[in-house]
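S.K.: All chains, please: the whole structure from these sequences, using the hints.
Letter by letter, the chains look like this.
There are 2 protein chains.
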Amino acid sequence: MPDSPAKKPSRIQQRNRRVILDAALEVFSKHGYRGATLDQIAAEAGLSKPNILYYFEGKEDIHVTLLSQLMDTWLDPLVALDPDGDPRREILDYVDRKLTMAGELPRESRLFANEILQGAPRISPELHSHLKPLFDEKCAVIAGWVEAGKLPPLDPQHLLFSIWATTQHYADFEAQAQVLLGAETNPQPRAAAHLRAMFGALLAQPSGAASVH
Amino acid sequence: MPDSPAKKPSRIQQRNRRVILDAALEVFSKHGYRGATLDQIAAEAGLSKPNILYYFEGKEDIHVTLLSQLMDTWLDPLVALDPDGDPRREILDYVDRKLTMAGELPRESRLFANEILQGAPRISPELHSHLKPLFDEKCAVIAGWVEAGKLPPLDPQHLLFSIWATTQHYADFEAQAQVLLGAETNPQPRAAAHLRAMFGALLAQPSGAASVH
DNA sequence: GTCTATAATGAGATAGAC
DNA sequence: GTCTATCTCATTATAGAC
Numbered sequence: 001m002p003d004s005p006a007k008k009p010s011r012i013q014q015r016n017r018r019v020i021l022d023a024a025l026e027v028f029s030k031h032g033y034r035g036a037t038l039d040q041i042a043a044e045a046g047l048s049k050p051n052i053l054y055y056f057e058g059k060e061d062i063h064v065t066l067l068s069q070l071m072d073t074w075l076d077p078l079v080a081l082d083p084d085g086d087p088r089r090e091i092l093d094y095v096d097r098k099l100t101m102a103g104e105l106p107r108e109s110r111l112f113a114n115e116i117l118q119g120a121p122r123i124s125p126e127l128h129s130h131l132k133p134l135f136d137e138k139c140a141v142i143a144g145w146v147e148a149g150k151l152p153p154l155d156p157q158h159l160l161f162s163i164w165a166t167t168q169h170y171a172d173f174e175a176q177a178q179v180l181l182g183a184e185t186n187p188q189p190r191a192a193a194h195l196r197a198m199f200g201a202l203l204a205q206p207s208g209a210a211s212v213h
Numbered sequence: 001m002p003d004s005p006a007k008k009p010s011r012i013q014q015r016n017r018r019v020i021l022d023a024a025l026e027v028f029s030k031h032g033y034r035g036a037t038l039d040q041i042a043a044e045a046g047l048s049k050p051n052i053l054y055y056f057e058g059k060e061d062i063h064v065t066l067l068s069q070l071m072d073t074w075l076d077p078l079v080a081l082d083p084d085g086d087p088r089r090e091i092l093d094y095v096d097r098k099l100t101m102a103g104e105l106p107r108e109s110r111l112f113a114n115e116i117l118q119g120a121p122r123i124s125p126e127l128h129s130h131l132k133p134l135f136d137e138k139c140a141v142i143a144g145w146v147e148a149g150k151l152p153p154l155d156p157q158h159l160l161f162s163i164w165a166t167t168q169h170y171a172d173f174e175a176q177a178q179v180l181l182g183a184e185t186n187p188q189p190r191a192a193a194h195l196r197a198m199f200g201a202l203l204a205q206p207s208g209a210a211s212v213h
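Read top to bottom, the protein sequences are chains A and B.
Numbering (full-length UniProt numbering) for the first sequence: 1 to 213.
Numbering (full-length UniProt numbering) for the second sequence: 1 to 213.
Calculated from the structure, these hints are not laboratory results.
It cannot be assumed that every hint is accurate.
Unchecked claim - Cβ-Cβ distance ranges computed for the label pairs, FRET-style:
{"#": "1", "chain 1": "A", "residue 1": "Arg17", "chain 2": "B", "residue 2": "Gly85", "range": "55 to 65 Å"}
{"#": "2", "chain 1": "A", "residue 1": "Gly85", "chain 2": "B", "residue 2": "Arg190", "range": "18 to 28 Å"}
{"#": "3", "chain 1": "A", "residue 1": "Asp84", "chain 2": "B", "residue 2": "Glu60", "range": "47 to 57 Å"}
Said to hold, decoys possible - Below, in silico cross-link-like pairs of lysine-lysine (BS3-like), each with a Cα-Cα straight-line distance of 30 Å or less:
{"#": "4", "chain 1": "B", "residue 1": "Lys132", "chain 2": "A", "residue 2": "Lys30"}
{"#": "5", "chain 1": "B", "residue 1": "Lys150", "chain 2": "A", "residue 2": "Lys59"}
{"#": "6", "chain 1": "B", "residue 1": "Lys49", "chain 2": "B", "residue 2": "Lys59"}
{"#": "7", "chain 1": "B", "residue 1": "Lys150", "chain 2": "B", "residue 2": "Lys132"}
{"#": "8", "chain 1": "B", "residue 1": "Lys30", "chain 2": "A", "residue 2": "Lys132"}
{"#": "9", "chain 1": "A", "residue 1": "Lys49", "chain 2": "A", "residue 2": "Lys59"}
{"#": "10", "chain 1": "B", "residue 1": "Lys49", "chain 2": "A", "residue 2": "Lys30"}
{"#": "11", "chain 1": "A", "residue 1": "Lys49", "chain 2": "B", "residue 2": "Lys59"}
{"#": "12", "chain 1": "A", "residue 1": "Lys59", "chain 2": "B", "residue 2": "Lys49"}
{"#": "13", "chain 1": "A", "residue 1": "Lys30", "chain 2": "B", "residue 2": "Lys59"}
{"#": "14", "chain 1": "B", "residue 1": "Lys59", "chain 2": "A", "residue 2": "Lys59"}
{"#": "15", "chain 1": "B", "residue 1": "Lys30", "chain 2": "B", "residue 2": "Lys59"}
{"#": "16", "chain 1": "B", "residue 1": "Lys132", "chain 2": "B", "residue 2": "Lys30"}
{"#": "17", "chain 1": "B", "residue 1": "Lys30", "chain 2": "A", "residue 2": "Lys49"}
{"#": "18", "chain 1": "A", "residue 1": "Lys30", "chain 2": "B", "residue 2": "Lys150"}
Unchecked claim - A partial selection of chain A residues facing chain B, derived with a Cβ cut-off under 7 Å:
{"#": "19", "residue": "Arg34"}
{"#": "20", "residue": "Gly35"}
{"#": "21", "residue": "Ala113"}
{"#": "22", "residue": "Gly119"}
{"#": "23", "residue": "Ala120"}
{"#": "24", "residue": "Lys132"}
{"#": "25", "residue": "Ser162"}
{"#": "26", "residue": "Thr166"}
{"#": "27", "residue": "Ala175"}
Virtual Cβ for every residue (Gly too), placed ideally from N, Cα, C.
M.R.: Right, here's the structure in full:
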């Protein structure tokens with residue numbers, strides 16, 4: 001690790017770190033943490049295995065670095081949810097942003113899903129420090145909208161869960177969707193229309209979620 | 001492999017196979033395919049490693065067996081969707097059944113999610129032979145309901161995706177939900193209420209999914 | 001049928017030359 | 001900074017005794 005007196009990473013160093021991280025994202029998202037090997041990452045990056053270990057302390061270091069960087073990007077769409085905007089519009093726009101992001105960054109989505117699925121062993125601290133506060137804050141915003149009568153009664157926490165689940169589904173379960181939809185070019189437009197209709201219906205509901213029975 | 005002249009597995013053999021499969025489900029669903037080791041499975045099953053390999057040809061054999069058995073159970077709730085029933089009721093009951101199943105069989109949900117997430121390398125044939133035909137059949141049923149005016153216009157394929165995504169989310173992303181909801185006893189009742197409200201709103205929508213802008 | 005011991009492979013990490 | 005060669009350990013699978 002090059003960090004003796006002056007800790008200024010050269011342009012080559014910065015570039016190599018990026019190349020390695022991009023290769024690692026490709027491999028980790030496809031095979032999971034344990035399924036990925038340094039050989040695969042090295043091959044994908046076009047570097048030798050020891051060279052990889054010159055830039056990172058080990059396999060886990062690479063993985064944690066990826067997850068940490070990802071977290072910020074991943075939360076951007078939710079950060080942008082504006083408490084002063086029109087409630088219905090804000091939430092539907094958030095759904096759009098989230099779906100777009102899953103479509104553009106499917107590897108990141110799968111990397112995250114892999115980690116959570118296995119109990120978040122390496123990203124748990126970030127969940128508490130970054131995700132939880134933001135989640136609570138935005139849930140309070142939505143709850144405020146409901147109390148102000150700007151939205152029908154609904155459960156902010158589970159609404160956000162549903163948004164996450166449905167938007168990330170297209171990245172995380174892509175293999176299944178490809179089998180079921182056939183070689184259809186791109187499911188995204190129809191997915192976007194469906195999700196707008198679904199969440200739009202929920203948010204437009206007059207009032208009092210009538211029991212179904 | 002005991003299959004020379006008479007292929008009748010003894011009661012002990014049947015029992016041991018079940019014990020091994022249950023242990024394997026526990027381990028595979030927690031660590032993924034590559035993350036799981038025969039040592040862990042053997043320890044969980046209370047058997048020796050060579051004994052495991054007496055009953056199964058290898059690690060992959062165990063995994064494939066699990067996935068194949070799971071597929072049938074997993075599709076039961078959808079099979080039960082009745083073309084002759086009340087459309088809205090049928091779909092909402094399906095959501096309930098799916099959520100209940102994910103709550104009762106979270107390990108199975110995660111095993112399946114792990115496999116799909118990594119591109120369904122081992123279960124792809126079953127997706128084509130079992131899931132696809134059923135999916136097409138039930139989509140046609142729902143499409144028929146829409147054409148008959150019994151349901152508002154909606155996209156059957158993406159409706160099913162949304163149902164799968166939201167119900168399985170609670171099992172697959174349990175680690176995240178636990179962080180965000182705190183040590184709350186059981187999210188299931190509120191999740192069920194939310195999903196009934198959401199899908200109920202979509203299905204009750206008068207007609208013509210109005211563009212949101 | 002089940003075990004102990006061990007072979008064979010694969011993968012993370014390091015030594016040391018260049 | 002980067003490479004070749006190597007070490008070490010974990011893991012799948014087998015051999016052979018009981």
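S.K.: With chain B as the partner, please determine if A/Ala175 meets the hint condition of a C-beta pair closer than 7 Å.
M.R.: Holds, about 4 Å.
S.K.: If you draw a straight line from the CA of A/Lys30 to the CA of B/Lys150, is it 30 Å or shorter?
M.R.: violated, 42 Å
S.K.: Would the stated hint for A/Arg34 survive a check requiring a Cβ distance to chain B of less than 7 Å?
M.R.: holds, 4 Å
S.K.: Assess, step by step, whether the Cα of B/Lys59 is no farther than 30 Å from the Cα of A/Lys59, and give holds or violated.
M.R.: holds, 24 Å
S.K.: Straight-line Cα separation of A/Lys30 and B/Lys59 no greater than 30 Å?
M.R.: Given pair A/Lys30, B/Lys59 holds - Cα atoms ~20 Å apart, limit 30 Å.
S.K.: Straight-line Cα separation of B/Lys49 and B/Lys59 no greater than 30 Å?
M.R.: holds, 11 Å
S.K.: Is the shortest C-beta separation between A/Thr166 and chain B less than 7 Å?
M.R.: holds, 5 Å
S.K.: Can the hint on A/Ala113 be confirmed by a CB-to-CB distance to chain B that is less than 7 Å?
M.R.: holds, 6 Å
S.K.: Are B/Lys150 and A/Lys59 close enough, with their CA atoms no more than 30 Å apart?
M.R.: Outside the cut-off at roughly 55 Å; violated.
S.K.: Hint validation: A/Ala120 versus chain B, beta carbon distance must be below 7 Å. Holds or violated?
M.R.: holds, 4 Å
S.K.: Does A/Gly119 pass the interface check with chain B, least Cβ-Cβ distance below 7 Å?
M.R.: holds, 5 Å
S.K.: B/Lys49 and A/Lys30 were given as a pair; does the straight-line alpha-carbon distance stay at or below 30 Å?
M.R.: Roughly 29 Å separates the two Cα atoms, so the pair holds.
Violated hints, listed in ascending order, are 5, 18; each of the other numbered hints is respected by the structure.
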